[in-house]
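Protein chains: 2
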Amino acid sequence: MAWKIAIDAMGGDKGPRPLIEGALLAAAESGSHIILVGDEHLLTAEMKESTNGGLPFEIRHAPQVITMEESPVTAFRKKKAASIRVAMEMVRAREADAVISAGHTGATLLAATLILKTLPGLDRPAIATLLPTMRGHAVLIDAGANVDCKPIHLYQFGIMGSGYGTHVLQRDRPRVGMLSIGEEDNKGNETTKEACQLLRKSSLNFVGNVEAKAVYRGFADVIVCDGFIGNIALKISESFAEMIESFLKEAFMRDTRSKLGYLLLKPSLGYLKHKMDYAEYGGAPLLGVNGTCIIAHGASSAKAIKNAIGLAERLLTHHVNTHIQEDLAANGDIQQLNPHKLSLWRHIRGSIPFSREREDPEPEESA
Amino acid sequence: MAWKIAIDAMGGDKGPRPLIEGALLAAAESGSHIILVGDEHLLTAEMKESTNGGLPFEIRHAPQVITMEESPVTAFRKKKAASIRVAMEMVRAREADAVISAGHTGATLLAATLILKTLPGLDRPAIATLLPTMRGHAVLIDAGANVDCKPIHLYQFGIMGSGYGTHVLQRDRPRVGMLSIGEEDNKGNETTKEACQLLRKSSLNFVGNVEAKAVYRGFADVIVCDGFIGNIALKISESFAEMIESFLKEAFMRDTRSKLGYLLLKPSLGYLKHKMDYAEYGGAPLLGVNGTCIIAHGASSAKAIKNAIGLAERLLTHHVNTHIQEDLAANGDIQQLNPHKLSLWRHIRGSIPFSREREDPEPEESA
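Chains as they are written, first to last, in the numbering used here: chain A, 1 to 367; chain B, 1 to 367.
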């Protein structure tokens, strides 16, 4: 089936070019209908250059952009014609099936939560990121959409991550684990210990706590955590990789003998780099919203954008949102235990880690 | 000055041998007075073998051991003659200046907290671990002694870490950062945001939040975090290192060309491995207790034990505990804000991540 994919064509650190080129690659492969959302004149000119004159994609005019320097809350309120808002409105109006954004993550989160709203029964959307492991990929959820999570939220992340693991990664009853500091259910902090109890009661294939030291061994398919912790776990891994790369470069350039060794090893190391390349994943879905939304890396290449579009198509084709709701319903008794019902707005203001504002009044869109 | 160092000679995954050999190396270098605490017969026999008959160290008989499989709380209560208890009692009685333990971390934490107690004004002890970074070492505190920390605890970890950075790492006004998910003070979870305000008010050289992606760049000398998060940050780095090592080995063995390249690179890679070797640090001090206690890795080599003893000597020689108390006093106004005074016992029972018990009544030693 050809899906309609709206791309926030003004987001991304490198301008619209890699977004357009990635969309061209994806459309050629899957036949999806692409809608570029952004400044019409700019996008028309860019597209003509990328395609030698042809205009294969629909353009939806959205003259404003939320930049990385802006407070997403203020910008979201003021810029009604921001590309991310217009793209998200298209999904709400069913003019598009999914949104791809490589722009301001905070703004994307905010737009998705306020415009699409969460799926019935879910309190918060969460970012599901793929991790490389020694046994294929694992899903880490939440990678940074929420801080100060309650146990019920972690439980809901487990439901979402399991749905993603089952229907997109095609794992049979994916092993769901709680990121913690010891193996037994009574190890962890107050939140993870309570969340373990909820997950134990659920129909998920819950394997208990996963210690951080075992994450990259791949013993769990889905790793559940608070977004503060998930963000730190992912980012510190990146930081460690950066350090190792720098130390390795130093070792490779140390003397003539090492340089020669490096030259010989280069092809094998290229293969290793490929294994760890984020562009292979394309992006991370924001699960839990009533729609399909992929958050791509700001520095995405055309290949990464192509893969992000492919990921959106898989989420749609496999009806992941429907399955998540079925799993929620099948565990309705756990959901009843939820004592925490924050106003959506209070949650959003308190927990968008990417926002830059200090104090902000509630917007008109407040839920 | 020759310090008296008590070694829990029954701890450690490899038995007393590397502990004795490490102590021999340390004593030869610094002239410290070593006391081996553990089963007298066993230690006498082991020492005779290690020294060809000589008995250079004092032995303090302690016939019991807390094993890795035991609940530290139950074992601590029942085994009054456990080596870690006897060693800790020696420090309390000033028969020793410091304890080195490569045994059960939970039991060591418990023994230190209940027997030595915390320094006046400090609510919780914390583990200060050294991290390699692209610019020398940084201290991460807390590496796992506490979960569910309050802002005042994170502030106190900052004081302790700064004292360690100043007097042991010899950094001039060490840069203290809060591990978080964004650079600005208003990024983070409720706890880190409040703790940032306390640290901003303090006399420390507080540099604000340190994002996880920047940890290994070495922009901060002291990285403050809750023990749950610190444990995950450290252990996921280890897990990532393990995966990279496995992928690298695969790349090195891929074909004849790669194998040859690896042979040429081997000396340079050995140098890299040396940079990352935990044995170079020896162990991590448990700061905040009224005494000096080093937690060494269970699998410590003789070299690691020697370095752990050296670390204890540096903590003692530089009067780190005195300096920590001076810094606390200099910031007495912040300390006044502390609204959280849990009973020591309630804290211990709730937060020992290494314990293995399910439910346990309060011990007689309850504070």
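FYI, nobody ran anything at the bench for these hints, they're computed from the structure. Please note that a few of the clues may not be correct.
Identical copies look the same in the list; a pair holds intra-copy or inter-copy alike.
Pairs of lysine to any residue residues, derived as SDA-like cross-links and limited to a Cα-Cα distance of at most 25 Å, are as follows [to be verified]:
#1 Lys201 with Gly310
#2 Lys193 with Trp3
#3 Lys80 with Thr51
#4 Lys213 with Ser71
#5 Lys78 with Gly182
#6 Lys213 with Pro132
Hints and how they fare:
For the identical chains of this complex, Lys201 and Gly310 are neighbours neither inside a copy (34 Å) nor across copies (50 Å), given an alpha-carbon limit of 25 Å. For the homomeric pair Lys193 and Trp3, neither the shortest alpha-carbon distance inside one copy (41 Å) nor that between copies (43 Å) is at most 25 Å. In this homomeric assembly, Lys80 and Thr51 never come within 25 Å of each other (Cα to Cα): the closest approach is 30 Å inside a single copy and 80 Å across copies. Taking CA atoms no more than 25 Å apart as the test, Lys213 paired with Ser71 passes between copies only; the shortest distance there is 21 Å, against 36 Å inside one copy.
When the C-alpha separation of Lys78 and Gly182 is checked against a cutoff of 25 Å, the pair qualifies only between copies, where the shortest distance is 24 Å, while the shortest distance within a copy is 46 Å. In this assembly of identical chains, Lys213 and Pro132 lie within 25 Å of each other by CA distance both inside one copy and across copies; the values are 14 Å within and 17 Å between.
Comparing the model with each numbered hint stated earlier shows that hints 1, 2, 3 do not hold.
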